[in-house]
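K.L.:
For reference, the chains in residue letters:
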Amino acid sequence: MKGIVFDKVWKEYGDHVVLEQINLEIAPRAFVALVGPSGCGKTTFLRMLLGEDTPTRGAILVDGRPLKPEPDSDRGVVFQRYSVFPHLTVVQNVMVGREFEKSRLLGRLFGQSRKAAHDEAMQLLSAVGLEGHENKYPASLSGGMQQRLALAQALNRRPKILLLDEPFGALDPGIRSDIHVLIRRIWNENDLTVVMVTHDLSEAFRLGTRVIAFERQRNRPEEQERYGATLTGDLPTPAPPLGATITRDFDVWPPKIASPLPNAEPAPQPTNGKNDSALH
Amino acid sequence: MKGIVFDKVWKEYGDHVVLEQINLEIAPRAFVALVGPSGCGKTTFLRMLLGEDTPTRGAILVDGRPLKPEPDSDRGVVFQRYSVFPHLTVVQNVMVGREFEKSRLLGRLFGQSRKAAHDEAMQLLSAVGLEGHENKYPASLSGGMQQRLALAQALNRRPKILLLDEPFGALDPGIRSDIHVLIRRIWNENDLTVVMVTHDLSEAFRLGTRVIAFERQRNRPEEQERYGATLTGDLPTPAPPLGATITRDFDVWPPKIASPLPNAEPAPQPTNGKNDSALH
Amino acid sequence: MRAINIKPNRGWHVLLACIPFLLVLVAYAIGSSLRLAENPNDKLLPGFGAIAEAVKQYAFTEDARTGLYLMWSDTVASLARLLSALAISAVIALFFGIFIGMLPLARSTFGPFFAVASMVPPLALLPILFIVMGLGEASKIALIVIGTALKLIRDIALRVQEIPREQIIKAQTLGASTWQIATRVITPQVLPRMLDALRLEIGPAWLFLIAAEAIAADSGLGYRIFLVRRYLSMDVIIPYVIWITILAFVMDMALRWVQGRAFPWFAGARAS
Amino acid sequence: MRAINIKPNRGWHVLLACIPFLLVLVAYAIGSSLRLAENPNDKLLPGFGAIAEAVKQYAFTEDARTGLYLMWSDTVASLARLLSALAISAVIALFFGIFIGMLPLARSTFGPFFAVASMVPPLALLPILFIVMGLGEASKIALIVIGTALKLIRDIALRVQEIPREQIIKAQTLGASTWQIATRVITPQVLPRMLDALRLEIGPAWLFLIAAEAIAADSGLGYRIFLVRRYLSMDVIIPYVIWITILAFVMDMALRWVQGRAFPWFAGARAS
Amino acid sequence: HAAEKKDFKVAWSIYVGWMPWGYAADSGIVKKWADKYGINIEVKQFNDYVESINQYTAGAFDAVSVTNMDALSIPAAGGVDTTSVIIGDFSNGNDAIIVKGKGDVASLKGQSVNLVEYSVSHYLLARALESVKLEEKDLKVVNTSDADMAAAFKTPDVTAVVTWKPIVSTILESPDATKIFDSSQIPGEIIDMMVANTEVLKDNPKFGQALAGIWYETMVALEKDPAAKEAMAKASGTDVKGFDEQLATTKMFAAAKDAVAFATGPDVKTTTERVSKFLFEKALLGKDAKSPEAIGVAFPDGSIFGDKDNVKLRYDATYMQAAADGKL
Ligand SMILES: Nc1ncnc2c1ncn2[C@@H]1O[C@H](COP(=O)(O)OP(=O)(O)OP(=O)(O)O)[C@@H](O)[C@H]1O
Ligand SMILES: Nc1ncnc2c1ncn2[C@@H]1O[C@H](COP(=O)(O)OP(=O)(O)OP(=O)(O)O)[C@@H](O)[C@H]1O
Ligand SMILES: [Mg+2]
Ligand SMILES: [Mg+2]
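Chains as they are written, first to last, in the working numbering: chain P, 1 to 280; chain Y, 1 to 280; chain H, 1 to 272; chain F, 1 to 272; chain V, 1 to 328.
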């Protein structure tokens, strides 16, 4: 069984059910966009995929095997912020993954192997459009450039799975569409399954081959008391709080592949929305 | 002469020219949306209107008189963050303006006058949809609710001018459109000139009666070395760095008034873009 | 699994936390019994029995002449000095800290001075202090105040400057005067942060208290430690030191508790 | 205009900054001349002439017996102790701070212990220190180390925990082991922050140095101060105290300079 | 100038020969005598001996308990004209030189000696060395605080110390400690007394009388009242046994007439000469001192040692005499 499988996954923090009964199968090479209201558990979902957190119930399988319970080099990640190392220059930030791999003790390469790692990093940097900036520190890059760097850094170890948590949430609209082009190209050119959390629906449909929505099951008005509302009136015992789960699951049709998107392409509408989640 | 007038305003920090030759006349009751790339000086422009900063050259007049050189109660403001006082409850945050006004020494009201201020604040809170939250502290409100609170707080002193610096920049798209409705209603119902900085062009066109774009005069590629690029090669003395100035100025037509916008209204396209700035 | 990802659960946490304390106890017991085996009269590392004996005598036996329990009367004397000094220090620091942090003019005037003054070693100026303040409680309290207030002032001034400029502007657009900003915007926000700063000063405050009591006093924990030091009565010094440590720790916890109680808004505001 | 909005320009800033220093000088001059009028031999507040005389004698005249310039040899002795102690302290604190801040297991084990230990007043335990370290340079350095390292450890552990979790996860997804995370991600980021923490410990370090030199020494700034204190030679003590203040201030500036030089990325990272 | 006044402050520090002052204050003897003369006397205890002298020298106190040597080197050299009101005792074994293992004074040569520099310990060492024709140059002096002397002796690198009781007793409890010299070998040279500011005393003889009254009444209590002795023992941080041990090496002048006899005898003069010489060599008589005679010292018989125009220390037997005569 290839790909990523969520098998009846629940996640609770103490009494608070965050995710409820997640059943999901993600095909290899899919580009899954995850949307949902704030606080519904998207980051929690990603953290479990990373191995940073474990499900309270259920199991996560990758290529048929249980997920390693800690982050590792088979899964790359880019966060909204803090993804890159501020004390390393741009090129060092990209090289460092190779250094971790090749030099277990020092975490540093010298001589020939260093040169190889450097060249490799420079190629990645030029792929993300950062050539010429390789000796700067991240703090002197703009937000968009930092996220490009984080991408290059994550790609350096050639992960099978790339996890993105609102990677472009803090960017200006103009810069954002540039980087959309980049991430599509990266996905096209590599053997990569991407799971991206985003707040922006149009971004989800523009990039994803599949868009999954999480929601708390009983819809409560936005900005209300979050959990209190579940404790409804006249039941003798309070109803258990509800977690979020998958409420919609679109395959974006036609499945997008190859060819960078034109800069001003309008947000595609879901042409073939299905409401069944893959495993139901 | 009514309204706000910028008369040949320059702003420099040391050698760095931020704003260059701003000529602008803002009519009373206008809703001006200010757009422009990051770092072009939008916040600086607003700070000068606030009196937090003074132009290096030129003058700013309000209703024909030079602007008071410090922030005061005739100009309200809402920032993207940190606008409300974290140590005061929701209703105290709104009341505090009245308390500053009525109680010079203690900054606190008691008895009858306190009750009056409290009632007034509660009315404003219900106008911005925060009734029922009046005794919470801001930290337990969501981002959108905090910005509503900041609005109510700013309106309490009935300012003539309301300045907004990316007030909704940090909000989710859904919450953002709710609050758009609110700000339009507030503008409609009060004798208020609004100047709003935004990154989001569609927001600018949706809300503004006038959209002004700032840009650096020589267009440099995004994310390049910012000021170095102005020091071009073969001149004997380096060329002076260029500041940003008004490059476009649209009157949005038909001027929008009254009636809350429907939630899902599509972003209006500029129907009648003119490229002349008001005073040229 | 990487060591960085191994997290002990609650029970293990408690168990692990006890280990270093136990190790210190064991090391002491071994050292003590080795020395006592060599010289049964050794006073440097008395056995637990001797320490218990001393505690009994100082803490639970009435002094024949004064009718006081020495350890308690020492504690009362020291705590009175320490707490009043910290209170004075806090008030002074709050005033100057806000003044300096808030007003650019005050910052220009006093900032460099306090930066330099906080580097002066106060112990070296003790004689002058004693002459100016007399030998009573005043000079002991003054030493603690000088030793702690300067740091506190700088700390509070920094915290004031950390209050987002946006809030100061907002207050002005709501019509607040400088005085109103100070009293209604800055002071209440700085108070809980001052408690943090104060917690950091508990250690130095004890240090200065002990130093002051070592020179001129007739009661107090520091006084007693220095008095019996001539006789190398470690059986008294060790419990006194442990007791001071406990007191300092309790004060730290108390300040944290007060912070949570008196400023319910603060935890949320700090997190965001 | 509100007082809060009045900002002095550069020239005024310098002028204002001088005022408090001048006031202290004038106050001293008045106090001194009043006392000297009453007793021309008064030693508590010597006149500026007498101080200059003492400085000349201590700093610029060879000591008859030893052939040394006393103030310089004292400075060298004290600085050697202080700097080696701070260096040792920094290394220990870096090791334990990263260890505790990074590994949950280590945090459980040592966190509570160091929290309690940092409250122990080190001066009171000097006798035990002497036995372990002897009475020479080692014990003086050890006193400073104990007095500063515990605070530093806690501070560094906190700073380590402030490093965004995102970076630790990212490092793991790049294949880093715990050791590699410690050496290549955490240590280099904590170093400049340690310099900040170290700056805060300069004051306490001087305090402990003076205390240690007061107890047993034959040279050093603290030694000299306590020696001449026997006959109230404030004409020597005052310039020594000023000199210590200057040294502490210079060390503070030097650390800031090093921070800027050695960690060019840090200013930018801190601002963002 | 000091004029007639009502409020007086007396500083004393913890030392066996001065413990009566604390007891006198606690037990009401001070108040009784102060009331008798219509004045107020505040008696303040110091832990730190040097600080008490400094405070007196700086004018914060009118009287202080001090040794003859420190009276000369600190207040007198500091320009404060000082009068010895009461001679309470002299050290008769209280101060001692102790070495680890076996040895004698001659064996100190080449060693490090830990002591409080410029204190009576230093003087005792100088006198001991003199007796075997050594000089201070022949060994190394390490300044060590008295409070830590006992602990210091326990460390391996400390081999010789000079200090006073009760520290001496604590140190001698170590099996390897040997006393090689003590103040009983130079009897009468380390004198413990209560001194007062000469000007204050001149304008307020009642103050001196009250001090003498207090002292000799307390002396009676010390001799007769076990409770008084126990209180003093406790206040000095030990028990009666330990306190007795300290008293045994202290020659207390319990009776005023003995004190008068000592003060007017020849020993004080020779001691003054020796001490002045020692202090001069250590440059402790003031920067401008050109000879050991730079500071004048007046004796009860009117004779003067040293500079007659710069008399700053005066041995005065008047008040002790009054006590001996029962005229207080
Ligand atoms: N370690 C934790 N302990 C307790 N509750 C947690 C923890 N982590 C997350 N939560 C809770 O789980 C819920 C989901 O959080 P999560 O961060 O996954 O939401 P999200 O969908 O990523 O939101 P956002 O869009 O704001 O990033 C929230 O209510 C949060 O308070
Ligand atoms: N106090 C100051 N001193 C020096 N330069 C400043 C100062 N304030 C702003 N600047 C500079 O002025 C320029 C304009 O800044 P401003 O904050 O007004 O931009 P902005 O248009 O609001 O950008 P953004 O969209 O990122 O908020 C920037 O290059 C900034 O570095
Ligand atoms: Mg999230
Ligand atoms: Mg801005």
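Honestly, the hints are just simulated from the structure, not real lab data. Just so you know, these numbers come straight off a predicted model, no measurement behind them. There could be a bad hint or two in this list.
Stated by the list, open to error - One side of the interface only, derived from the structure: several residues of chain P facing chain Y at Cβ under 10 Å:
| hint | residue |
| --- | --- |
| 1 | Asn23 |
| 2 | Ala27 |
| 3 | Gly39 |
| 4 | Asn135 |
| 5 | Ala139 |
| 6 | Ser142 |
| 7 | Gly143 |
| 8 | Asp172 |
| 9 | Ile175 |
Glycine included, each C-beta is placed from N, C-alpha and C at the ideal position.
K.L.:
If a hint holds in the structure, say so; if it doesn't, say that too.
P.N.:
Structure-based check of each hint:
1. Asn23: At about 26 Å, which exceeds the 10 Å cut-off, the nearest Cβ of chain Y leaves the hint on P/Asn23 violated.
2. Ala27: Hint violated; P/Ala27 Cβ to chain Y Cβ min 28 Å, cut 10 Å.
3. Gly39: holds, 9 Å
4. Asn135: The hint is violated - P/Asn135 has no Cβ within 10 Å of chain Y, the shortest such distance being about 13 Å.
5. Ala139: violated, 14 Å
6. Ser142: Because about 5 Å separates P/Ser142 from the closest Cβ in chain Y, which is inside the 10 Å limit, the hint holds.
7. Gly143: Holds, because the Cβ-Cβ distance from P/Gly143 to chain Y comes to roughly 8 Å (cut-off 10 Å).
8. Asp172: holds, 6 Å
9. Ile175: Holds - the Cβ of P/Ile175 comes within 10 Å of chain Y, reaching about 7 Å at its closest.
Of the numbered hints given earlier, the model fails hints 1, 2, 4, 5; all others are met.
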